[in-house]
Amino acid sequence: MDLHLTQKIAILPVPRPTRLPSLVPLLVLFLAIAGWELFARFAGLPAFILPSPTQVAERFGRALMSGNLLYHTAITLLQILLGLLSGVLAALMLGYAIAKSRLFEQVVSPFLVASQAIPIVAIAPLLVIWFGPGMFSKVLICALIVFFPVLVNTVVGLRAVPRSLYELMRSLRASRWQMLRLLEIPAALPVFLGGLRIGATLSVIGAVVGELVGADRGLGFLINVGRGQYDTALVFVAVITLIVLALGLYGLVILLENRLLAWQKQ
Amino acid sequence: MTRKPASPVVSVQNLSVLFADGSNDASSPGGFHALGPVTFSVCPREFVCVLGPSGSGKSTLLRALAGLVPPTSGEITFSGGERPRIGFVFQQANLMPWRSVLENITLPLEIENQPVHIARQHALELVELVGLQGFEHSLPRDLSGGMAQRVALARALVHDPDILLLDEPFGSLDALTRERMWTELSRIWQVRQKTVIMVTHSISEALFLADRVLVLTARPGRVKMDLKVDLPRPREDEMRYTLHFGRLARRLKEAIE
Numbered sequence: 003m004d005l006h007l008t009q010k011i012a013i014l015p016v017p018r019p020t021r022l023p024s025l026v027p028l029l030v031l032f033l034a035i036a037g038w039e040l041f042a043r044f045a046g047l048p049a050f051i052l053p054s055p056t057q058v059a060e061r062f063g064r065a066l067m068s069g070n071l072l073y074h075t076a077i078t079l080l081q082i083l084l085g086l087l088s089g090v091l092a093a094l095m096l097g098y099a100i101a102k103s104r105l106f107e108q109v110v111s112p113f114l115v116a117s118q119a120i121p122i123v124a125i126a127p128l129l130v131i132w133f134g135p136g137m138f139s140k141v142l143i144c145a146l147i148v149f150f151p152v153l154v155n156t157v158v159g160l161r162a163v164p165r166s167l168y169e170l171m172r173s174l175r176a177s178r179w180q181m182l183r184l185l186e187i188p189a190a191l192p193v194f195l196g197g198l199r200i201g202a203t204l205s206v207i208g209a210v211v212g213e214l215v216g217a218d219r220g221l222g223f224l225i226n227v228g229r230g231q232y233d234t235a236l237v238f239v240a241v242i243t244l245i246v247l248a249l250g251l252y253g254l255v256i257l258l259e260n261r262l263l264a265w266q267k268q
Numbered sequence: 004m005t006r007k008p009a010s011p012v013v014s015v016q017n018l019s020v021l022f023a024d025g026s027n028d029a030s031s032p033g034g035f036h037a038l039g040p041v042t043f044s045v046c047p048r049e050f051v052c053v054l055g056p057s058g059s060g061k062s063t064l065l066r067a068l069a070g071l072v073p074p075t076s077g078e079i080t081f082s083g084g085e086r087p088r089i090g091f092v093f094q095q096a097n098l099m100p101w102r103s104v105l106e107n108i109t110l111p112l113e114i115e116n117q118p119v120h121i122a123r124q125h126a127l128e129l130v131e132l133v134g135l136q137g138f139e140h141s142l143p144r145d146l147s148g149g150m151a152q153r154v155a156l157a158r159a160l161v162h163d164p165d166i167l168l169l170d171e172p173f174g175s176l177d178a179l180t181r182e183r184m185w186t187e188l189s190r191i192w193q194v195r196q197k198t199v200i201m202v203t204h205s206i207s208e209a210l211f212l213a214d215r216v217l218v219l220t221a222r223p224g225r226v227k228m229d230l231k232v233d234l235p236r237p238r239e240d241e242m243r244y245t246l247h248f249g250r251l252a253r254r255l256k257e258a259i260e
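Taken in sequence, the protein lines are chains R and Y. With the numbering used here, the residue at position 257 of the first sequence is 259, and numbering never jumps. With the numbering used here, the residue at position 168 of the second sequence is 171, and numbering never jumps.
Mixed in with the good hints, there may be bad ones.
Pairwise CB distance ranges, derived in the manner of DEER restraints [to be verified]:
1. Y:Asp-229 with R:Val-110: 51 to 61 Å
2. Y:Leu-234 with R:Arg-183: 18 to 28 Å
3. Y:Gly-70 with R:Gly-253: 27 to 37 Å
4. Y:Pro-73 with R:Pro-27: 21 to 31 Å
5. R:Ser-24 with Y:Gly-134: 40 to 50 Å
6. Y:Gly-83 with R:Ser-166: 18 to 28 Å
7. Y:Thr-42 with R:Arg-183: 52 to 62 Å
8. Y:Ala-221 with R:Arg-261: 44 to 54 Å
9. R:Ser-24 with Y:Pro-73: 50 to 60 Å
What the hints contain is simulated information worked out from the structure, not anything from laboratory work. Every residue, glycine too, gets a C-beta built ideally from N, C-alpha and C.
Generate coordinates for the entire structure from the input sequences, incorporating the hints supplied.
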């Protein structure tokens with residue numbers, strides 16, 4: 003099976019990159035929205051079950067004009083960024099300690115692995131009970147979700163720093179700090195950024211889960227409001243905004259990769 | 004070159020290194036005996052090659068000199084003091100793939116906290132010395148093996164080290180490139196006037212480059228022969244086919260076996 007595939011790939015001419023591929027997803031998106039519009043109009047479903055794209059767009063305009071959407075988006079974004087930042091910082095510090103000390107790893111790693119068996123979504127209500135419905139519980143949930151993938155990639159990245167480069171630095175009598183700045187950070191960066199890419203997408207989930215469980219602000223709160231008032235178009239507006247946020251964060255990490263890892267690109 | 008007797012740059016007294024099994028730290032006794040005891044010293048601007056069968060601890064000797072391996076017993080004394088400046092060239096070029104050629108060469112100066120413009124200027128001089136003009140901003144992945152090893156050599160020289168340590172630096176190059184690098188290294192050594200200790204397993208390489216060849220025995224390595232290479236400099240390819248070269252080569256060959 004595998005062999006068959008590789009043979010096929012080998013025979014196929016390598017397609018030249020054209021402008022066409024970038025248009026194809028847009029076209030598919032357009033067709034999907036058009037299909038949705040037609041379905042919503044002619045299936046005879048009430049708007050609180052499936053609003054049409056035009057209704058969603060109209061609701062989007064209203065939410066935007068009233069300033070509501072921007073306010074709730076700003077709250078959610080702030081929580082995401084704070085959660086991402088603190089999750090990443092914690093993962094970096096713990097990851098460095100784990101990568102550097104076998105003893106520390108042996109002490110800490112069973113707990114870390116076990117902690118991953120706890121579904122954060124399930125304990126989100128607990129965290130909201132303990133830390134209140136304010137911003138802190140959301141930031142915490144977000145940070146907890148971001149923490150693990152970034153931690154793993156930090157450890158893997160640091161462990162993959164070539165021994166021979168450590169020896170070079172030692173022969174040049176580099177200090178601990180120079181070792182970190184000139185060798186470990188740049189060498190571990192590609193793998194770390196891979197983890198950050200995952201973490202960035204997860205951070206959106208973390209913040210929204212927190213808001214859905216209990217909040218009086220944010221896009222998760224807006225979803226709850228829309229659901230409660232049978233304003234399904236509003237739910238769509240909030241969901242689409244969340245998608246845009248997640249894509250934006252992902253794009254930022256890609257941009258960062260392109261800047262910092264230019265030496266890896268062909 | 005006439006050499007007045009001078010105090011040695013480095014002297015090694017009864018140095019021996021034991022490794023704990025399978026690890027690189029020499030703390031636990033009863034590990035395998037990698038090197039020594041060896042005793043020798045190297046004069047300023049001398050080019051010494053260390054030759055020996057594999058497993059004779061040649062690399063261990065070099066790594067002990069560089070401070071990468073702690074001596075189990077014995078002493079290494081540098082005339083320059085406790086913390087000599089070391090230029091080390093490894094078997095592989097060992098460049099940082101995220102740094103350009105120039106940035107790789109400035110590394111030792113950055114570690115010494117030299118100002119950026121001075122580091123750059125020194126690095127540019129070395130780029131010229133090793134003949135890599137035009138490649139200053141290339142990345143290591145775009146260099147051939149020989150070019151990468153030239154960068155490694157430039158990096159090892161840029162901070163004007165007290166001693167240059169070369170660990171089979173041309174071992175991973177093809178035969179033609181390797182011989183071209185001998186001539187290059189010979190020229191650079193004469194320009195820069197460095198004290199060099201180079202580990203090799205090639206007799207011709209040792210004779211082509213060295214003032215003195217130390218032959219180590221099989222594990223644990225001890226100095227079996229200390230041969231003065233009285234071939235005239237500058238040395239050229241032709242010299243390798245002379246009778247005297249052949250005689251020296253035979254003596255080394257017999258000492259190794």
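Hints, one by one, checked against the model:
1. Restraint check, Asp-229 (chain Y) to Val-110 (chain R): a C-beta distance of roughly 53 Å satisfies the suggested window 51 to 61 Å.
2. For Leu-234 (chain Y) and Arg-183 (chain R), the Cβ-Cβ distance of about 46 Å falls outside the hinted range of 18 to 28 Å, so the restraint is violated.
3. The supplied range of 27 to 37 Å is broken by Gly-70 (chain Y) and Gly-253 (chain R), whose beta-carbon atoms lie about 46 Å from each other.
4. Between Pro-73 (chain Y) and Pro-27 (chain R) the C-beta distance comes to about 59 Å, which lies outside the given range of 21 to 31 Å.
5. Checked against the hint of 40 to 50 Å, the pair Ser-24 (chain R) and Gly-134 (chain Y) passes, with Cβ atoms roughly 44 Å apart.
6. The hinted range of 18 to 28 Å is satisfied by Gly-83 (chain Y) and Ser-166 (chain R), whose Cβ atoms lie roughly 25 Å apart.
7. At about 40 Å, the CB distance of Thr-42 (chain Y) to Arg-183 (chain R) disagrees with the hint of 52 to 62 Å.
8. About 53 Å separates the C-beta atoms of Ala-221 (chain Y) and Arg-261 (chain R), a value consistent with the hinted range of 44 to 54 Å.
9. Between Ser-24 (chain R) and Pro-73 (chain Y), the C-beta spacing of about 58 Å keeps the proposed range 50 to 60 Å intact.
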